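I would like the entire structure built from these sequences, with the hints used as guidance.
Protein chains: 2
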Amino acid sequence: MDAVRIALLQGRAEPSAEAALDWTERRLTEAAAAGARIVCTQELFATPYFCRVQDARFFDLAETIPGPTTERLANKARELGVVVVASLFERRAPGVFHNTAVVIDADGTLLGRYRKMHIPQDPGFEEKYYFTPGDLGYRAFTTRFGRIGVIICWDQWFPEAARLTALHGAEILFCPTAIGWLPSEKDRIGAAQRQAWLTVQRGHAVANGCYVAAVNRVGREGQIEFWGTSFVADVYGETIATGSVDATEVVYADCDRAALEQRRRTWPFFRDRRIDSFGDLGKRFLDE
Amino acid sequence: MDAVRIALLQGRAEPSAEAALDWTERRLTEAAAAGARIVCTQELFATPYFCRVQDARFFDLAETIPGPTTERLANKARELGVVVVASLFERRAPGVFHNTAVVIDADGTLLGRYRKMHIPQDPGFEEKYYFTPGDLGYRAFTTRFGRIGVIICWDQWFPEAARLTALHGAEILFCPTAIGWLPSEKDRIGAAQRQAWLTVQRGHAVANGCYVAAVNRVGREGQIEFWGTSFVADVYGETIATGSVDATEVVYADCDRAALEQRRRTWPFFRDRRIDSFGDLGKRFLDE
Chain G
5 MDAVRIALLQ GRAEPSAEAA LDWTERRLTE AAAAGARIVC TQELFATPYF
55 CRVQDARFFD LAETIPGPTT ERLANKAREL GVVVVASLFE RRAPGVFHNT
105 AVVIDADGTL LGRYRKMHIP QDPGFEEKYY FTPGDLGYRA FTTRFGRIGV
155 IICWDQWFPE AARLTALHGA EILFCPTAIG WLPSEKDRIG AAQRQAWLTV
205 QRGHAVANGC YVAAVNRVGR EGQIEFWGTS FVADVYGETI ATGSVDATEV
255 VYADCDRAAL EQRRRTWPFF RDRRIDSFGD LGKRFLDE
Chain D
5 MDAVRIALLQ GRAEPSAEAA LDWTERRLTE AAAAGARIVC TQELFATPYF
55 CRVQDARFFD LAETIPGPTT ERLANKAREL GVVVVASLFE RRAPGVFHNT
105 AVVIDADGTL LGRYRKMHIP QDPGFEEKYY FTPGDLGYRA FTTRFGRIGV
155 IICWDQWFPE AARLTALHGA EILFCPTAIG WLPSEKDRIG AAQRQAWLTV
205 QRGHAVANGC YVAAVNRVGR EGQIEFWGTS FVADVYGETI ATGSVDATEV
255 VYADCDRAAL EQRRRTWPFF RDRRIDSFGD LGKRFLDE
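Which chain is which? The protein sequence lines are G and D, in order. Here the first sequence is numbered in our numbering, starting from 5 and rising by one per residue. Here the second sequence is numbered in our numbering, starting from 5 and rising by one per residue.
Since the hints were derived computationally from the structure, they do not count as laboratory data. Remember, predicted model here, so these are calculated numbers, not experimental data. Check before you lean on any hint, since a few could be wrong.
Identical chains share a label here; the pair holds if one copy fits it or two copies do between them.
Straight line, CA to CA, 25 Å or less: simulated SDA-like cross-link-like pairs of lysine to any residue [to be verified]: (1) Lys287 x Leu140; (2) Lys287 x Asp126; (3) Lys132 x Arg268; (4) Lys132 x Ser20.
Okay, here's the thing in C-alpha cells:
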C-alpha cells in the first residue's frame, strides 16, 4: 500500500446467515465502488452475538474454514478485486470451536486465518464456553494492498497482542469486535467504557506506529446494546474515521504507507525496545 | 491508599540546582498543605534539559544517590509526611551515568530507585550519549500511601514498561518527562505529537487498570519548547487533571483504590493474558 482506502462494515445481527451474507456482499460491492481495497467485517458477522448465554445448540452456528461462507466471500473478493477480512465462528473438530478471522486476498485466495487468543467471560459475554483459545499465535498477511494483521475483540485490550502483530509487520491492524453496554452499567460507566475502548486501541496505533481499524456491531441483542463507533486510528493515534453509535454503515479511511514510514522514523520505538528486559511479560503477576 | 491525593510539580529549568531545589521544596510544602500525599517532579528537575547537545562538561551535573539532593528531599518528605518521587541525573561511577528516579517514603526513607530503561536519541534529545540504559528492570515500591511505580519519559511509549511495572503491583504509575516541540515540527505535527503522547499513556491506564501520572516541564530551552500538559489518567484512561502548556504549576488528582479494584473486576485483563504466547516480545522484529 502506498495509500490504500479501507472500509469497515458496521452491521447488526441479521435474521439468518444468508441475510447477513447478502448484506455483506452488497456492502462489499458498495465499498469497492467507493475505492476501498481492504474491507473488514464486524466480529461473527454471520450470526447474532449468541454468546449472551451458554447454550450448546449454538455450536450449530459454527462452520468449517474453508467452507461455504469463505467460498462466497472469496468469489466476491475476486470479482471486486478487494481484500476481505471476515470474522467467523469456526468449527474445527467436535468440541473444538474457535472465534476466527480469515484473510482473503484480492484474487480470492484464502491467505490464512487468525484465531482469537484472548477469550472473555463475563455476564452476557460467555465466550470461554464457546471458544477454544487460539493456538496460532499472532500473524500478519501480505495482501495485494498491504501487509495486515487481525486481532479479535477482547484481544484489543492487550498491548502484547497488538505489539506482536505489528512485529510481524502489520501496517494495518484490524479488530473485528462485538462490544456493547449492559443496562446495569450504561448510565454509570458507559461513556467511560466506550472511551477506554477507543483509547487503548488508539494507544496501540501510537505504540506501534501502525493503523488500527476496529469494526463493531450495532443494535440491541437481548440486554446488550452494541455501541458501534467503528473507527480508524492513524499512526499518531488520531481518530480519522468514526461510525455512528447505532446505525449500520460503511466507515472509510485512507491509510498511507509514507505516513507510517515517517512516523516510525520520527519516533523509532522498535529501535529502542529493551528486549533483554521483557522476560517477565510471560508471568501472570509479579508478587512482592 | 484507599483514596490518595497526588501532586505533579510541573516546573521549568531554574538557573541553578539550588534554585530548582528551593522551588521544589516550596511546591512540596504547598502540595502537602493542599492534601497531597505523593508528589512527583518532572524529569531531571534539578537541571536544565542538558541533553539538547552532546557535551562532556554536562556530566558534572550528575550526583550520587544517595547524595545531597536526596538528603534534602528526604528531610522535606519526613517533615511534611509526604512521599516524594524525584527524577535525577545519577552518577554511579566514572563513565556510568543514569537517568534515575528515586522514591522516598513519607518518613524520609529512600525506598529505592528506578533507572530509565529506554533511552532516546534524536536531534535535540541526545540521551544515548549521556545515559547508560537502566539495569534494574521495572519496579514498584510500597509507600505509606500506596504501591507506586515509576517509568521515565521515553519509557512511556513502551507498553511493555507500563505492563511490567503494573505486574509488580503499581497502583499509580508516575512518568517524569521532558518532552517538547522542535520548531521544525511544531506547526506540522505538533498537535498530533502531544495527542499521541497523551493517548499512549492513557492507553497504559486502560490496559493495566491503574492510574498514570505524567509530569512534564515547561519553558523554552534552546530550540525545544517543552509542552507541559502534565496529566493524570484514571483507571478508564480518562484524563482527570491536566496542567497548562506553558506555566509552572502543581497539578492535583485524587486516586482511589476502590475504583481500581472495581475496574479490574469489570475488565479482568490480568486474568486473561495469554502468557504462553508472549515469548516473541523478546525479539527485535519478526521478519517474514
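For each hint, the structure was consulted:
no. : hint            : verdict
1   : Lys287 x Leu140 : both (20 Å within a copy, 18 Å between copies)
2   : Lys287 x Asp126 : within (23 Å within a copy, 33 Å between copies)
3   : Lys132 x Arg268 : between (37 Å within a copy, 18 Å between copies)
4   : Lys132 x Ser20  : within (24 Å within a copy, 59 Å between copies)
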